[in-house]
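Chemist: Per the UniProt record's numbering, residue 1 is the first one in the sequence shown, and the count goes up by one each step.
A few of these clues could be false.
Dumping the calculated PhoX-like pairs for lysine-lysine here, alpha-carbon to alpha-carbon at most 25 Å [what the hints assert, rightly or not]: (1) Lys-228 - Lys-285; (2) Lys-599 - Lys-309; (3) Lys-477 - Lys-599; (4) Lys-649 - Lys-631; (5) Lys-515 - Lys-562.
Distance ranges between label pairs, derived from CB positions [as the list claims (entries may be wrong)]: (6) Gly-676 - Phe-314: 18 to 28 Å; (7) Lys-309 - Lys-680: 17 to 27 Å; (8) Phe-314 - Lys-599: 33 to 43 Å; (9) Lys-680 - Ser-558: 46 to 56 Å; (10) Asp-487 - Gly-265: 48 to 58 Å; (11) Ser-162 - Asn-557: 47 to 57 Å; (12) Gly-513 - Pro-326: 41 to 51 Å; (13) Pro-394 - Glu-170: 52 to 62 Å; (14) Gly-272 - Lys-309: 18 to 28 Å.
These are calculated hints, taken from the structure and not from any lab test.
Don't be surprised by glycine CBs; every beta carbon is placed ideally from N, CA and C.
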Amino acid sequence: MPVSNSSAVCVPLTTRKPGKSWTTWSPLFPPFAEEKRSIPQPKASKVAWTNSSQLLTRTTARLLLLTCRYLWYLRLLPLWMDLPKELHSYCAPIALEFCKLLRKVVNEDGLYAWCRSTLSVLLESVSSSMGLMRTKVKGFTVQEIFPFFNELVSHLSEELDSSLYSTTSEGPSSSHFREFVAFLNPLRSAVIEQVESRILISIDYHPLYRDEIRNLHLIFDKLLHKMKNCLIRVEEILVARGSNGDEFVHSGWSQYLSILKELNGISKLYQGAEEKFWMVLRNMKASLCALIIRFSRRDDDNQWLLEHKDVTDFESRRHLVMMMFPEVKDDYEVLHEMLIDRSQLLAESFEYIARVDPESLHAGLFMEFKNEEATGPGVLREWFLLVCQAIFNPENALFLPCAYDRRRFFPNPASRMDPLHLEYFSFAGRVIALALMHKVQVGIVFDRVFFLQLAGMDISLEDIREADPCLYSSCKKILEMDAEFIDSDALGLTFVREVEELGSRTVVELCAGGKSIVVNSRNRQEYVNLLIRDRFSTSTSEQVDYFSQGFGHILSNSRLQKIFFQSLELEDLDRMLYGSESPICVDDWKAHTEYNGYKESDPQITWFWEIVREMSADQRKQLLFFWTSVKYLPVEGFRCLASRLYIYKTSEPCDYLPSSHTCFYRICFPPYPSMGEMRKRLNVITQEHIRCSFGTW
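Working from the sequences, and respecting the hints, build out all of it.
Modeler: What follows is the structure, encoded as structure tokens:
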């Protein structure tokens, strides 16, 4: 488009009078008026060639700087990242040269910072597309990149120091950290390539990048020391204020975990550095766990933390694995709706959960029972309890309870008698994952053997103690027997196992030709190992695989299924699935209850809590279930429920039973005239057959 003469303005970039220096007209560039500069006029032949060359470089850089300032101010510089990614490798060397020129004449001004940031983005793009950075690719070298990396280390160090004691400090900036990582990754890759293998490096090693390798190690030590001081400060505040939610946390700490992650990556390069790094985190475990709960996010790479359970506690591990699930939505329109007949609970639940695309379950569930008024989260919590009871009911032949702990279950090898058994195991995996996603404790826990199978880990003799006490005892005796006695073939054992299913016995060889291999003192350990593997792995491998697949369907990324279980202790999963094993604390219950229509001093409220204290542990559970649809409390108690509890006063006649709105954690009853009348009514609603229904149309 042609430009009219009236709007066109020709602006001289420089002016010069005879015998005077070249002077920039900084008033033409308002944002940079403070940077008026005088550029020395080049001298004649009296100046040596080297001085002339240096002067020419400085002059060129200043003129280039001035021109680019003007273009940047007018937003005319090219937007590098709008270019196709395949062109980034061509743009990166240009940006590098530009940054090198700017470093000679400016010190951390806006244009230079913008150019360095652009270089970091381009460098990240080029490095990710090429894998390991090679020393001669596209003109980049470690020596050229390291100065920019050093600058960012200095920025982060200063910002870490400022975050130590100032609650108003923003701490390490996200932009500086992103640039730090962008420059670090190709440096780290180049160092690894230089030593020709991913081995630990001694700082006395003398490859091509000797100085850079030593400096990177010094930077690691420096930043680790600063992070240790920061974690100490976090712990001091934790102790002083107590871990009351987010009250002790300020935004200046938001990059701490990210910096630690990068230091972990550097530590893998140097001898002794990794142990030094994890020793700091083990000593600062409380601080680290607090930061994990407050600052780790779903889109973060938390694998480095998940692999080291010794630096985390239950709450932080739970937080990390729960972020593997999709976030439950509040919008009812996107929830997966179910309308289920109680009399056909398992079959209809199977159709609603097992027969649908897993993606449709990721937003969450909306649940109704046929011919019943109640809907919402309370009904959903009840459904989870009932369907889990049905799935793990031994009569349905999917799972078997442990002999010594009837809460613990493992897959039933005889389940194959049902042609749909594998589909039901996939359904069971989905249900358990959905219960975890919705944070519902279902009162079911897994046997250690089943847990290890889900984690893809080997099973030892000690692991089968609860699942099969008889087999455990027999194997233990075989391993402890006198060698001469077992070599005498007094036991008459060979490498086979007898299997009994539905009244019929079959013999299974533990290895090829097992019937002819006699167990002796030399092979008894192998015999025990094969026996355990066949009993707990081979015989239920399909069931476990299908359960795992179903569980993975609910995760944001199904490939994380094994990592989910590997990241937890069995006791962690117990707490997440079963909840608290302690008796319900009435004082805790009362402290988390509010009143509407009643006052705490009213006689009805006094009577109510006295009656609750007199109840048995099971009656309290049934009352809580009637009130909230929560039968098993979280391990932290009432404070971790989705809401406080409420007692509402109603105007109904005093011969009415209490009612509840489980979605709102609300129980309602009229002002009973006596403690005896109230006790009668509460005894009715805490009976087993009452608590499983919430009314009809």
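Chemist: Hints broken by the structure, by number, lowest first?
Modeler: 2, 3, 5, 6, 7, 11
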